[in-house]
Amino acid sequence: MTAFLTSWLASVPTFAVPLLLASVGLILSERAGILSLGAEGYMAVGAMTAAIAALSGLGLGVAAVAAVAAGAALALVFGIAVVVFRADQILAGLAAVALGVGFTGVVGRSYLHKPFAGLAPLDLGRLADIPLVGPLLFRQDLLAYVAIALTVAAWGFLWRSRAGLAWRAVGEDPATADVAGVDVQAVQLAAVLVSGGFGGLAGAYLALAGSEVWVDGMVAGRGWIALALVIFARWDPARALLGALVFGGVEALLPRLMAIGVAVPVYLMSMLPYLLTIVVLVAAGAARVRRLAEPAALARPYIRQDRR
Amino acid sequence: MLDRITLERRQDAGLGREAATFAGGLGLGLGLAALVLVASGVPAAALVQELVVQVFLTPGGLAQTVTIATPLVLAGLASALAMRVRFWNIGIEGQLWLGAIGASGIALNDIGPEPLRLALMLAAAAVLGAAWIGVPLVFRLRLGVSEIVLTLLLSNVAFLLLQHLVFGVWHDPANNFPVSAPFDAAERLARLGLGNVNAGLFVALAAAGLAAVLVGRTRLGFAAAATGQNPVAARAAGLPVTAAIAAMVLLSGAAAGLAGGLIVAGTEYRLTQYVGLNATFSGIVVAFVARFHPLGVVVAAAALAGLYNAGATLKVFYGLSDAVVVLIQGIVLTSLLVAQFFGAYRIAVSARRLAA
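Those protein sequence lines, which keep their order, are chains A and U.
Using our numbering, the letters of the first sequence correspond one by one to residues 1 to 308.
Using our numbering, the letters of the second sequence correspond one by one to residues 1 to 356.
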């Protein structure tokens, strides 16, 4: 039993880290009032770019940076459409997913199913021998620790910095922020780019630490779960960490159960993360907590000349 | 950042400007899409041949285009009907799968007398599609939960349910692939003598016609339009806002479910994993290009079906990925969205910086 629990816990980050990175990026974007449905697309371009860079022998560090840049580049297209041209954020977000998934399908075709050596877990000595939680906490790859650091940084930025306050003000009441001298468009564009970078890094984790190969459709809906996690986390990076662990834990359970030979209805069990998300969303709706946390100006294009 | 540029909302873009921005956006999108195709190795001279002549003007190509268009019309209607009341149905694929499951359930278990079997299958498809969207509808109306994420997540649940069935109880033992047993002759829609084109085409066209009457000529359509414009004002005016939302959204789910029923009863003749058609995004693109008008949906669905059809050819002859069709849809939708800006706003550039 202990062995099972230990191996299960050790595999949780594989599933939790991409969700964490993508949802923290989305939280940063939504806090500035921009609803980004594009995470699935950002993750796809990130994963493919990281895989191509790794296959080209550029090194894993370069691969991760290139993935961030690729996610941000796709986000820039979305950002120009919604921030500069005030396009509908839901439709533009869906279009961004199509651009990302379509682009990776076309460009990634010559790199399909070519394995490469990915990230190895760090060696932190004896710490990893701690029973139960040792491997979970101390035998992960560098990107997993980077993801935690970025989450803490995002939390600190939003709640403990002046720039973060301006950022949140834009999401709550852009007109007031504008009057106070905040450049609403610049903040929103920055927020979109950052969310794209986070999504790209989430994709890089999938490719470099997870599959170690590029496969079409390997993001497999994680971008959408990340979107739900944002609501679960009530737009707070710290709670996103908790949520990602819960969701990653549920996802990680299935392969572990199959590995020890438990006969499980695979497809019904795979519904668990989605059903869990739905239960959480509905419970949040029933408890009326959602409206208190959602940025008030989310998905509303800001025009200075509008009367309000 | 752009202090010298001010934007003013236009009260009404006017028909001419509306048409010009739409044509501009569509032209820009298609132009960029053509560049993508040329950059991927399709000779520019072959574009018209592959994208227009082959898929619309040859009997075989046209037959395949019409076959693909049949469920796309219903997917487009599913998006357009829900958008009438500003309900984001981002789970068209899920309702489509439930429809396919419903129709297959009737066929595989031989429920009902044979002469009524097809009607029962399509009815089950529509009912299950409506039931699947009923879940987010109820949560939205009762608890105010956003339908965007819920409809999306339920799509994934629906696909897993379909996989559970085709890998499990419904798996055809005579087949290595995850598919159900084939349907009987009485459970297949009649072919019309042109490739795979089948009687489902009439179902889809009738649905589009009925939807056009519904949104344009009925009290429900009027209440729905008012609700979509401004639910508070509509409620204040005494219109049945909740009922209008519920009716339009359930019809949206029914249309998507029917699309799934038509695919299994009209072309696949069994339940497979490949009935999805990327229907959620395709439906939204079709509805958006059609400006959410049911008859426009028919035209837009035909155009997109031609693109899907051409995509299959490009894959074989030029080694392009299927994903190129998704990429083109993304490009066209993005440029249409950006173009709308020029219809919605008047841009004024002031000569000097405004004093802060």
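Hint data in this document are derived by calculation from the structure and do not stem from the laboratory.
Heads up, some of the hints might be wrong.
Said to hold, decoys possible - Per label pair, the in silico range of CB-to-CB distance: (1) Ala119/U <-> Ile80/A: 46 to 54 Å; (2) Gly144/U <-> Ala186/A: 31 to 39 Å; (3) Val84/A <-> Leu116/U: 51 to 59 Å.
As the list claims (entries may be wrong) - Just some of the chain U residues that point at chain A, by a computed CB distance under 10 Å: (4) Leu150; (5) Leu154; (6) Phe167; (7) Trp170; (8) Tyr345.
Stated by the list, open to error - Just a sample of chain A residues kept apart from chain U, beta carbon distances all over 12 Å, derived: (9) Gly59; (10) Ala117; (11) Gly125; (12) Ala163; (13) Leu227; (14) Ala299.
Just so it is clear, CB atoms sit at the ideal spot from N, CA and C, and this is done for glycine as well.
Do the hints match the structure? See the list:
{"no.": "1", "hint": "Ala119/U <-> Ile80/A: 46 to 54 Å", "result": "holds (50 Å)"}
{"no.": "2", "hint": "Gly144/U <-> Ala186/A: 31 to 39 Å", "result": "holds (33 Å)"}
{"no.": "3", "hint": "Val84/A <-> Leu116/U: 51 to 59 Å", "result": "holds (57 Å)"}
{"no.": "4", "hint": "Leu150", "result": "holds (6 Å)"}
{"no.": "5", "hint": "Leu154", "result": "holds (7 Å)"}
{"no.": "6", "hint": "Phe167", "result": "holds (7 Å)"}
{"no.": "7", "hint": "Trp170", "result": "violated (12 Å)"}
{"no.": "8", "hint": "Tyr345", "result": "holds (7 Å)"}
{"no.": "9", "hint": "Gly59", "result": "holds (27 Å)"}
{"no.": "10", "hint": "Ala117", "result": "holds (26 Å)"}
{"no.": "11", "hint": "Gly125", "result": "holds (41 Å)"}
{"no.": "12", "hint": "Ala163", "result": "holds (16 Å)"}
{"no.": "13", "hint": "Leu227", "result": "violated (6 Å)"}
{"no.": "14", "hint": "Ala299", "result": "violated (10 Å)"}
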